[in-house]
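Visitor: Residue strings, one per chain:
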Amino acid sequence: MNAFIILITKGAELVATLTPVASGLAASIKALLESSGEYTVVMKQLTDAATDANAETQQMIDEWMAEQA
Amino acid sequence: MKLMKKRAALALACILLASCAAKQPVDMTPAQTAQFRAAQSLATVAELNRGITTSTIKLNQAGSLSNALTTDILGYCRQVAIADQLAVDLLASPEPWLTKAPKLLAYLDLLRKPASLANFNQPITNPALSPLAQSIGAMDTYIVAAKGAMK
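In the order they appear, the protein sequences are chains A and W.
Our numbering numbers the first residue of the first sequence as 12 and each following residue consecutively.
Our numbering numbers the first residue of the second sequence as 73 and each following residue consecutively.
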């Protein structure tokens, strides 16, 4: 009976020790995923905007050149 | 003339607003920060270049810009659009930043104003061309600044 109580007590202590570590780790991973996700989204927005503008610029130039020909 | 100045100011305000809208994400690595700056610079150059192209064509259609000068400016705008897009494609590739960075800087060199337009900023007899000359000068200055920000 004493051994059982000691086991429960040690188990509770272990959980109490690991919980802050686990929750801290989970928070770090969540932050990392969120920041990398945000980074990817912003990068895509910027490269898409540049691609659209470059395509439109070239199209305008092609049209003007065609009019001159 | 007043209308053109207002339009130029409005275009500049839109570009600044667009630059601010792409807010820098937090907690980026140094390589991510450099790539974010590169993407922001390339998007801004693309927007400026589109504005210059539109203005050049409109001025030509209004009879304020000769076909020869229009061809020169549009040739430069096409060169900028092609080099900017090559840089954008490179930026989106999975190549490591260490090997990507020098190539991007080389592409930015291709975006610099050519010698044929060097005198375009000199006193211009036709005041309608002044905003266009300023825009081309501003884009060149921005490209130089972008190179510095990426190093």
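Some clues are possibly wrong.
To be verified - Cβ-to-Cβ under 7 Å is the rule here; a few derived chain W residues that face chain A:
1) Met-100
2) Thr-101
3) Gln-104
4) Gln-112
5) Ile-129
6) Ala-153
7) Asp-181
As the list claims (entries may be wrong) - Only pairs whose alpha carbons sit at most 25 Å apart, straight line, appear in this in silico DMTMM-like list of lysine to aspartate or glutamate:
8) Lys-55/A x Asp-181/W
9) Lys-172/W x Asp-59/A
10) Lys-219/W x Asp-73/A
11) Lys-185/W x Glu-49/A
12) Lys-172/W x Asp-161/W
13) Lys-172/W x Glu-49/A
14) Lys-130/W x Glu-49/A
15) Lys-219/W x Asp-59/A
16) Lys-219/W x Glu-74/A
17) Lys-185/W x Glu-67/A
18) Lys-172/W x Asp-144/W
19) Lys-55/A x Asp-161/W
20) Lys-185/W x Glu-74/A
21) Lys-172/W x Glu-74/A
22) Lys-130/W x Glu-67/A
23) Lys-219/W x Asp-161/W
24) Lys-130/W x Asp-63/A
25) Lys-185/W x Asp-73/A
26) Lys-130/W x Asp-161/W
To be clear, the hints were calculated from the coordinates, so they are not data collected in a lab.
By construction, the Cβ of each residue, glycine as well, lies at the ideal position given by its N, Cα and C atoms.
Visitor: Could you run down the list of hints and mark each one as holding or not?
Guide: How the hints compare with the structure:
1. Met-100: 6 Å, holds
2. Thr-101: Where the cut-off is 7 Å and the nearest Cβ of chain A is about 9 Å from Thr-101/W, the hint is violated.
3. Gln-104: 6 Å, holds
4. Gln-112: 6 Å, holds
5. Ile-129: Result: holds, 5 Å to nearest chain A Cβ.
6. Ala-153: 4 Å, holds
7. Asp-181: Check failed: Cβ of Asp-181/W comes no nearer than 17 Å to chain A, outside 7 Å.
8. Lys-55/A x Asp-181/W: At roughly 24 Å apart (the allowed maximum being 25 Å), Asp-181/W and Lys-55/A satisfy the hint.
9. Lys-172/W x Asp-59/A: With a Cα-Cα distance of about 19 Å, the restraint between Lys-172/W and Asp-59/A holds, given a limit of 25 Å.
10. Lys-219/W x Asp-73/A: 29 Å, violated
11. Lys-185/W x Glu-49/A: 34 Å, violated
12. Lys-172/W x Asp-161/W: The hint holds at about 11 Å.
13. Lys-172/W x Glu-49/A: Distance ~22 Å between Lys-172/W and Glu-49/A Cα, so the pair holds.
14. Lys-130/W x Glu-49/A: Violated, at about 39 Å.
15. Lys-219/W x Asp-59/A: Judged against 25 Å, a Cα distance of about 21 Å means the pair holds.
16. Lys-219/W x Glu-74/A: 32 Å, violated
17. Lys-185/W x Glu-67/A: 20 Å, holds
18. Lys-172/W x Asp-144/W: 31 Å, violated
19. Lys-55/A x Asp-161/W: With a Cα-Cα distance of about 11 Å, the restraint between Lys-55/A and Asp-161/W holds, given a limit of 25 Å.
20. Lys-185/W x Glu-74/A: It holds: about 23 Å lies between the C-alpha atoms, which stays within 25 Å.
21. Lys-172/W x Glu-74/A: Status violated; Cα separation ~34 Å.
22. Lys-130/W x Glu-67/A: Roughly 15 Å separates the two Cα atoms, so the pair holds.
23. Lys-219/W x Asp-161/W: Holds, at roughly 17 Å.
24. Lys-130/W x Asp-63/A: 20 Å, holds
25. Lys-185/W x Asp-73/A: The hint holds at about 20 Å.
26. Lys-130/W x Asp-161/W: Not OK: Lys-130/W and Asp-161/W at ~30 Å, beyond 25 Å, violated.
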